[in-house]
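Asker: Next come the chains, spelled out residue by residue.
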Amino acid sequence: MTRHIELVVRPIIDSNPITLQILGICSALAVTTSLSTALTMCAALTVVLMFANGIISLIRNHIPPAIRLIIQITIVASLVIVIDQILRAYAFELSQRLSIFVGLIVTNCIVLGRIEAFAMRNAVWPSVLDGLGNGIGYSVILATVASIRELLGTGTLLGYTILTTVRDGGWFEPLGFMLLAPSAFFIIGLLIWLVRSLKPSQIEQSEFRDLAQGKEMRS
Amino acid sequence: MADLNPITWWRHMLSLPNTSPAKTLIVALLVALTCGTAVSVTAIMLRPLQQKHHERERQARMQELLKSLPGMKDLIDDAGEVTLQCVLVELATGAIIEVADPLSFDQRAEAADPRANFDIPASADIAGIGKRSRRAPAYLMRWNGKLKRIILPVRGSGYQSMLYGYLALEGDLVTVAGLTFYAQAETPGLGTRIQEPAWQNLWPGSKIADDQGNLRIEVVRGKGTRPYQVDGISGATRTGTGVTNLLRFWLGDYGFGPFLKQLEIGKIDP
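Protein chains in written order, with this note's numbering: chain V, 1 to 219; chain R, 220 to 489.
Extracted from the complex, chain V is given alone in its bound form (with noise of 0.2 Å):
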């Protein structure tokens, strides 16, 4: 039970997929500009990461190794279409504000990633548990991120207005700087910054050390 939290609560922080593993950065530049988006974005990711995770790990022992990342792919794929299907359906503004990123999550790597490092060599409700962790863990620097990138850019959060700007008579004069994609470099940045100053454990080693030691590489 306990091993069954941790495989939940540890990719938040220990083992986020955005901070520490640096994965799924594209994504996480692109629908940032504002909460809702990235929202919206981080559900659809979660669903993904779960039904991927636990689809690829209730066939995981019958996946011929000639074909395997054809049918991972093929399956995260339909799953991404079918999401994507939904949210046309019945979110269809926000759909279209997502544009192409809900279909990049074919592409993200933390939905392969998952799946290579941890659906494949294990059982189904682990499996479907460590995609919800990984899931919240990256929804929770999106969040963060979008959060910041929101209030400084505009002013306000949700649509809510927050800092009345200078245009409605307010005091707050909006960073148009946040709104361009370079920002949510230097907020995650600074976050990994944030994380590895509070953990020194997640500081890598220098690169060089570690090609020398045959660590494992990342991606």
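In short, the hints are calculated from the structure, not lab data. Quantities reported herein were computed from a predicted structural model and do not represent experimental measurements. Note that beta-carbon positions come from the ideal geometry of N, C-alpha and C, so glycine has one too. Treat the hints with care, as some may be off.
Each pair of labels, with its calculated beta carbon distance range [claimed, not checked]:
(1) R:271 / V:143: 26 to 32 Å
(2) V:159 / R:472: 48 to 54 Å
(3) V:117 / R:229: 28 to 34 Å
(4) V:103 / R:251: 17 to 23 Å
(5) V:43 / R:362: 46 to 52 Å
No more than 25 Å apart at the CA atoms, straight line, and that leaves these computed lysine to any residue pairs for SDA-like [stated by the list, open to error]:
(6) R:480 / R:354
(7) R:426 / R:303
(8) R:271 / V:40
(9) R:242 / V:77
(10) R:242 / V:73
(11) R:480 / R:448
(12) R:350 / R:481
(13) R:242 / V:112
(14) R:271 / V:96
(15) R:426 / R:401
(16) R:426 / R:472
(17) R:242 / V:62
(18) R:242 / V:120
(19) R:242 / V:68
(20) R:242 / V:70
(21) R:442 / R:378
(22) R:242 / V:69
(23) R:271 / V:86
(24) R:242 / V:66
(25) R:271 / V:81
(26) R:271 / V:103
(27) R:271 / V:91
(28) R:426 / R:361
Reference excerpt, derived from the structure (chain V facing chain R, CB under 10 Å, subset only) [what the hints assert, rightly or not]:
(29) 63
(30) 70
(31) 85
Starting from the known structure of chain V, arrange chain R on it as the hints suggest.
Answerer: Using the frame of chain V, we list chain R on its own:
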């Protein structure tokens, strides 16, 4: 092979080594089949809902066009005097068909329905659409009871996609009041500029025909010099040609031509 019991067969298949070609093929087939079914079932089941959203988007564009027409804002402020009416036109004769709810008519569905659509003769099909619906909606705007504007749905091939839009004519049925496109997939940054207000604003005031009544409206390369010429977009010549052709088609004999003629001679006053 003699044993045809599917359960034993299934067990036998599962017990094959994962590296065997037979199992590889079977697993690939099963995965493809399952995933394909899941995707198609969702797509088909959710299509009506998605279409409703697209329909709403189309309606919103329509409203936008109405509001963006020059002078329209003053008219709307003058509410009560202005009426907007949707009618269903039988394209071949130009007659108005009485139906309960013309707004709910789905032109695209009829154009796609082999029992209801009309094969355009190849020589007349300048817009490159192949088949069109036999009926089409038209929107009539009146001010103090006088026909002020008429809005017609148009579509046709551009450079690499189908262009969908609305053409608005002034009450004289010759002067363009506006042209807008709500769906297209032309080259980004070039052909897609037909959706930009900067280009759409070139249209109001241009004429669809010369003084003799010949259909002359045209998107030209560079700057237009005649009232019926509209400046083209550099690098999007073929999109411009597509726009020219689709306008000439829909204003011509196989499009709304008969309807416009009937309106002009006052034979029908919807």
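Asker: Does the structure keep residue 480 of chain R and residue 448 of chain R at a Cα separation of 25 Å or less?
Answerer: 22 Å, holds
Asker: Holds or violated: are the alpha carbons of residue 426 of chain R and residue 401 of chain R at most 25 Å from each other?
Answerer: Cα-Cα ~22 Å, so holds.
Asker: Can the restraint linking residue 271 of chain R and residue 86 of chain V be considered satisfied, given a maximum Cα separation of 25 Å?
Answerer: Distance ~14 Å between residue 271 of chain R and residue 86 of chain V Cα, so the pair holds.
Asker: Tell me if the interface restraint on residue 85 of chain V is satisfied: Cβ within less than 10 Å of some Cβ in chain R.
Answerer: Result: holds, 5 Å to nearest chain R Cβ.
Asker: Using the C-beta atoms of residue 159 of chain V and residue 472 of chain R, is the stated range 48 to 54 Å upheld?
Answerer: 51 Å, holds
Asker: Starting from residue 350 of chain R, check that the Cα of residue 481 of chain R is at most 25 Å away, please.
Answerer: 24 Å, holds
Asker: Between the alpha carbons of residue 242 of chain R and residue 77 of chain V, is the straight-line distance 25 Å or under?
Answerer: 22 Å, holds
Asker: For the pair we were handed, residue 242 of chain R and residue 120 of chain V, check the Cα-Cα distance against 25 Å.
Answerer: 18 Å, holds
Asker: Starting from residue 242 of chain R, check that the Cα of residue 69 of chain V is at most 25 Å away, please.
Answerer: Cα-Cα ~16 Å, so holds.
Asker: Take the C-alpha atoms of residue 480 of chain R and residue 354 of chain R, compute the straight-line distance between them, and say whether it is at most 25 Å.
Answerer: 16 Å, holds
Asker: Could you grab the alpha-carbon distance between residue 271 of chain R and residue 96 of chain V and see if it respects the 25 Å cut-off?
Answerer: 15 Å, holds
Asker: Straight-line Cα separation of residue 426 of chain R and residue 472 of chain R no greater than 25 Å?
Answerer: 18 Å, holds
Hint violations for this structure: none, all hints satisfied.
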